[in-house]
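K.L.:
Sequence:
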Amino acid sequence: MTLLLIVAIVAAHAWLTMTAPTMHRPFLGVLLFCHAYVCLGGTWYWIYQKNTYFVGTMWGAARLNEAALTLSSATLLMALTVWVVSRRTPSTMVVTDRLSPDPLRSVIPAEMLFAIGVLAALYVIQGGAASARAALNGEASYFLIAFQFADMMIPAWLYMLARRGFTGPVLARFAFLVFYTIFTGLRYKLALLAIPIVVFMFLKERSVAKRIGLTAGFSAAVFTLFTVMTLYRSKFSGIDFTQRAPTTDPLFGIFAESNVLFGLTSVIRTYIYRGVTYPLSPIIDSISGLVPRVLMPTRMVGEYRKGAIHGLLTNEGFRSGTTYPVVGEFAIMGGWAGIAIGSILFAFVYLFLHRLVRKLAPSTAHLIVGIAMVAGFVGYYNYSRGYLPQITKGYIFIMIPYLVLCRLAWRRPQAGRSSYAVGFPTSNRVA
Numbered sequence: 000m001t002l003l004l005i006v007a008i009v010a011a012h013a014w015l016t017m018t019a020p021t022m023h024r025p026f027l028g029v030l031l032f033c034h035a036y037v038c039l040g041g042t043w044y045w046i047y048q049k050n051t052y053f054v055g056t057m058w059g060a061a062r063l064n065e066a067a068l069t070l071s072s073a074t075l076l077m078a079l080t081v082w083v084v085s086r087r088t089p090s091t092m093v094v095t096d097r098l099s100p101d102p103l104r105s106v107i108p109a110e111m112l113f114a115i116g117v118l119a120a121l122y123v124i125q126g127g128a129a130s131a132r133a134a135l136n137g138e139a140s141y142f143l144i145a146f147q148f149a150d151m152m153i154p155a156w157l158y159m160l161a162r163r164g165f166t167g168p169v170l171a172r173f174a175f176l177v178f179y180t181i182f183t184g185l186r187y188k189l190a191l192l193a194i195p196i197v198v199f200m201f202l203k204e205r206s207v208a209k210r211i212g213l214t215a216g217f218s219a220a221v222f223t224l225f226t227v228m229t230l231y232r233s234k235f236s237g238i239d240f241t242q243r244a245p246t247t248d249p250l251f252g253i254f255a256e257s258n259v260l261f262g263l264t265s266v267i268r269t270y271i272y273r274g275v276t277y278p279l280s281p282i283i284d285s286i287s288g289l290v291p292r293v294l295m296p297t298r299m300v301g302e303y304r305k306g307a308i309h310g311l312l313t314n315e316g317f318r319s320g321t322t323y324p325v326v327g328e329f330a331i332m333g334g335w336a337g338i339a340i341g342s343i344l345f346a347f348v349y350l351f352l353h354r355l356v357r358k359l360a361p362s363t364a365h366l367i368v369g370i371a372m373v374a375g376f377v378g379y380y381n382y383s384r385g386y387l388p389q390i391t392k393g394y395i396f397i398m399i400p401y402l403v404l405c406r407l408a409w410r411r412p413q414a415g416r417s418s419y420a421v422g423f424p425t426s427n428r429v430a
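Numbering (numbering that gives the first Met the number 0), first residue to last: 0 to 430.
Warning: the hint list may mix true and false statements.
Said to hold, decoys possible - Now the in silico label distances, taken between C-beta atoms and shown as ranges:
| id | residue 1 | residue 2 | range |
| --- | --- | --- | --- |
| 1 | T95 | F351 | 17 to 25 Å |
| 2 | M299 | V207 | 53 to 61 Å |
| 3 | Q125 | V403 | 25 to 33 Å |
| 4 | T18 | S236 | 44 to 52 Å |
| 5 | W409 | T297 | 40 to 48 Å |
| 6 | L121 | M17 | 40 to 48 Å |
No lab work stands behind these hints: they were computed from the structure. Note that this is a predicted model, so its numbers are computed, not measured. By construction, the Cβ of each residue, glycine as well, lies at the ideal position given by its N, Cα and C atoms.
Model the full structure from these sequences, guided by the hints.
P.N.:
Here it is in structure tokens:
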């Protein structure tokens, strides 16, 4: 019965996506995919294929159904908020071609940012798994700093993609990015690259057959790599096919990411049912977490979520690194009311970033890539990983640099500059 109700909620989300203004469909589409994947696919897999068995124990269908229905309802509220607000915005938008021909404004900043990211990535690679383990124990502060700065390769490369397209130098940098992603074993980096690429290819190609073929082929390749990384990744050591996979179940590689349902179940049991809330702790930790540990060795971040970790029932669960979706953070901050209020605020965060991209994009290509980037970052990364201090760093090292690069690339206003509508395939106008 719960699964049928979730099907109805997902169907309502799909209708909102199809009837939303075109410019908001990438975000609502990414959110819809995550919604269906976790709440439908995850519920089906963990209850009907695994009998709720996870981290060494049975969780019970009632608990998982409650978590899935909570997440599904909150996601629909997010989508509905975006749908309602976006329909009040202007129905058309014209983008002024203001990309500066001066390489000091439109080329060099992105090249420098990517170079900084490469140097940081090389430091991370040099440190490897040993430094990563030391960082988890409060040591190797410089490793953590380098790890964050390496993320700046993502916005720099996406900016280059928008400016140059799939040229040789751009593809060479992409190869290094994929190598680094595989080395770290962190799949979200791959998703933050793949989502803008898929949207860019889909909107760039005029031929329907080529558009579908390219996006389907690339998506299949990314999905395959995602699954392989799930089964054989060795974090900060790359892929190791000699190690024993966590399971022989082929479906596990597909649905492993939906284990956030267990994280949310733990939050509901540990915080909501016990009336425990931490309204300001995630915000305070997000600020203090920006201070390098080398400057504040005694700082403690994330203490408020220990209940969710211990709520994973077993020692295996405690060590599993299982996280919860963004709805879990809202629950920790304010219980059931926090989930409702947080879901609406989540939608407004997306709408704010979307508006910034529209305002700052120096060209149509940068607008398309920026919208897709916001869709991937907010609709996938922020949605599926609720730990606010981690997400805050993502905004600082991924989202903000792209917006800054776009603004730096503006040319000074000139007489006779050209304007044109964004070329989405559904229309020569963008809603």
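K.L.:
CB of T18 to CB of S236, is that within 44 to 52 Å?
P.N.:
holds (46 Å)
K.L.:
Could you check the hint for me, namely that Q125 and V403 are 25 to 33 Å apart, CB to CB?
P.N.:
holds (28 Å)
K.L.:
Just tell me: holds or violated, for the beta carbon distance of W409 and T297 against 40 to 48 Å?
P.N.:
Hint holds: Cβ distance 44 Å, inside 40 to 48 Å.
K.L.:
Can you let me know if the beta-carbon spacing of L121 and M17 is within 40 to 48 Å?
P.N.:
holds (45 Å)
K.L.:
Range first: 17 to 25 Å. Now tell me if the beta carbons of T95 and F351 are that far apart.
P.N.:
holds (21 Å)
K.L.:
Within 53 to 61 Å: is that where the Cβ-Cβ distance between M299 and V207 falls?
P.N.:
holds (54 Å)
Checked against the numbered hints above, the structure breaks none of them.
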